[in-house]
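Novice: Following the hints, position chain B against chain A.
The chain contents come next:
Number of protein chains: 2
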Amino acid sequence: MIRRLCILGVGLIGGSLALALKQAKGVGEVVGYERDPIARDKALSLGIIDRAELDLAEALRGADVVVLAVPLGAMEELLQAMAPSLKPGMVVTDVGSVKGSVVASARAKLGEYIVDFVPGHPIAGTERNGPEAAFADLFCLHKVLLTPLPESRAVAVRMVRMMWHQVGAEVIETSISHHDRMLAGTSHLPHILAYTLIDMLAKLGETQEALQFAAGGFRDFSRIASSDPSVWRDICLANKEPLLALLERFRTELHGIGEAIHRGDGAKLAEIFARAKAVRDTHYKR
Amino acid sequence: MIRRLCILGVGLIGGSLALALKQAKGVGEVVGYERDPIARDKALSLGIIDRAELDLAEALRGADVVVLAVPLGAMEELLQAMAPSLKPGMVVTDVGSVKGSVVASARAKLGEYIVDFVPGHPIAGTERNGPEAAFADLFCLHKVLLTPLPESRAVAVRMVRMMWHQVGAEVIETSISHHDRMLAGTSHLPHILAYTLIDMLAKLGETQEALQFAAGGFRDFSRIASSDPSVWRDICLANKEPLLALLERFRTELHGIGEAIHRGDGAKLAEIFARAKAVRDTHYKR
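Here the protein sequences line up with chains A and B, keeping their order.
Reminder that position 76 of the first sequence reads as 76 in our numbering, one-by-one numbering, no gaps.
Position in the second sequence (first residue = 1) + 1000 = our numbering.
Looking at chain A on its own, in the form it has when it is part of the complex:
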């Protein structure tokens, strides 16, 4: 049981975590720190947070667990601002979609308190955002990836694991570099592909007409392009190296497909498509 939880950034993820812990009776008081006054009021009126604090030091005071749920681009500044108010044993975790950049910021800003920092990433979300999009079941049956540091204290890691278990999530520990490489492939690059395709069609000037002709497959394929642009800008910049490596590799693969089409090499195309289908069908058993 967390007696006092401090949520820094009360949007879809932070808000849903607060709601889920309350529903699971896994938290006493939830204190929220949110710069956007509209989101702050919304989080209060929806009962997501019990108390809003405008002052960061006040928000952190007496918290057992502090969750950084702000966009990646705001993490470093927040870590710096909160460091003076931390106390030994106050467990700090985050929900950032990229772990390398957050850990680098934490190492730079938290000083001795780094031992109580447990980097985390719940693999859950929707293309909607803000506290009004939050709901208690968001993490239920979803995975949460933790990337503890060599110096992370076992008690801090246990506390964060317990928190996520209480909201129905499956916790998996992995390394920072592995996390960032895997997510580049299954999340970050797909978002770029969906955004880029729609933007290209728009620039060709026939989007609305083209979308008129689009089938259900395109609707599903492009759903992630309705995600928050600033969130994904931050993710792209934070996961620069793994993402760029994968993006270049993808352009090369695409060039290969183009060559096969150009020379009429149906066997090559069928081989690639069949391999991809087999992998997907194995994973998503229908």
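Warning: the hint list may mix true and false statements.
As the list claims (entries may be wrong) - List of simulated lysine to any residue pairs, SDA-like, C-alpha gap at most 20 Å:
(1) Lys25/A with Leu46/A
(2) Lys268/A with Ala1202/B
(3) Lys268/A with Ala1074/B
(4) Lys1268/B with Glu241/A
(5) Lys203/A with Ala1267/B
(6) Lys240/A with Arg1263/B
To be verified - Per the computed footprint, the stretches of chain A lying under chain B, defined by three or more beta-carbons under 8 Å from a beta-carbon of chain B, are:
(7) 234-240
(8) 262-268
Unchecked claim - Derived contacts from chain A toward chain B, CB cut-off under 10 Å, selection only:
(9) Ile114
(10) Gly125
(11) Thr207
(12) Leu254
If you're looking for bench data, these hints aren't it; they were derived computationally from the structure.
Note that this is a predicted model, so its numbers are computed, not measured.
Don't be surprised by glycine CBs; every beta carbon is placed ideally from N, CA and C.
Specialist: Then chain B, alone, in the frame of chain A:
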């Protein structure tokens, strides 16, 4: 009312059309021609077709409307084989996802009967295939694109329009080149992107683990990679020029994204992502 309908290729599309017309009482007898004996028996036992003919000339005899519902790669051979059995006024249409290649084959093989040929493309489907996947509501509220030829007889076009109206579809007429360009963008290229991404992850050797970490967005994004590989091989080869042009353009756009990430140009990324989101949200009002 179509007294006798001949379906050449009884898979998901041909089978669903037969079921839908029967349900709408828009057809007397449905005759099926299908080379795969398993699919043929299945179509008979499911009541999709009333009669199966092994001989193409027999299958065509006395039909008011003939629907070519075979994969694109099989169209030309079939058009050649059926030409000697056609009769004036026997309306022929197809369901191919690419119109330029089918029309070129039809012009080459149908001779004088080209006036009764109405190229068509129902924008409907699932990632499943075969007669067992067929269902009567597949086309309901979906669009069917027709690309009549300058020499198409009005009575033939009317007959095909009526057939699709009867199964609940909205019929839109457009040009062959416009159709093939639009579909390259909203259907053919997206399939290539989804197939290529999964195949690339597989080649990197960590797919199953990567997919373990994948969120719901990836599931939706990649659903089209579960489509039939041979169907999509045929489509890529049949729509070569428009698809290659778009694929190269997409690689260029992707390069631009990579450059923006490399130089840390968050404004550029946010601009592209926001434009794409706005276009998508406008079309798919939530």
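Novice: Does each hint fit the structure? Answer for all of them.
Specialist: Verification of the hints:
{"no.": "1", "hint": "Lys25/A with Leu46/A", "result": "holds (17 Å)"}
{"no.": "2", "hint": "Lys268/A with Ala1202/B", "result": "holds (16 Å)"}
{"no.": "3", "hint": "Lys268/A with Ala1074/B", "result": "holds (18 Å)"}
{"no.": "4", "hint": "Lys1268/B with Glu241/A", "result": "holds (18 Å)"}
{"no.": "5", "hint": "Lys203/A with Ala1267/B", "result": "holds (18 Å)"}
{"no.": "6", "hint": "Lys240/A with Arg1263/B", "result": "holds (10 Å)"}
{"no.": "7", "hint": "234-240", "result": "holds (count 4)"}
{"no.": "8", "hint": "262-268", "result": "holds (count 3)"}
{"no.": "9", "hint": "Ile114", "result": "violated (25 Å)"}
{"no.": "10", "hint": "Gly125", "result": "holds (7 Å)"}
{"no.": "11", "hint": "Thr207", "result": "holds (5 Å)"}
{"no.": "12", "hint": "Leu254", "result": "holds (6 Å)"}
Hint check: a violation occurs at hint 9 only; the rest are consistent with the structure.
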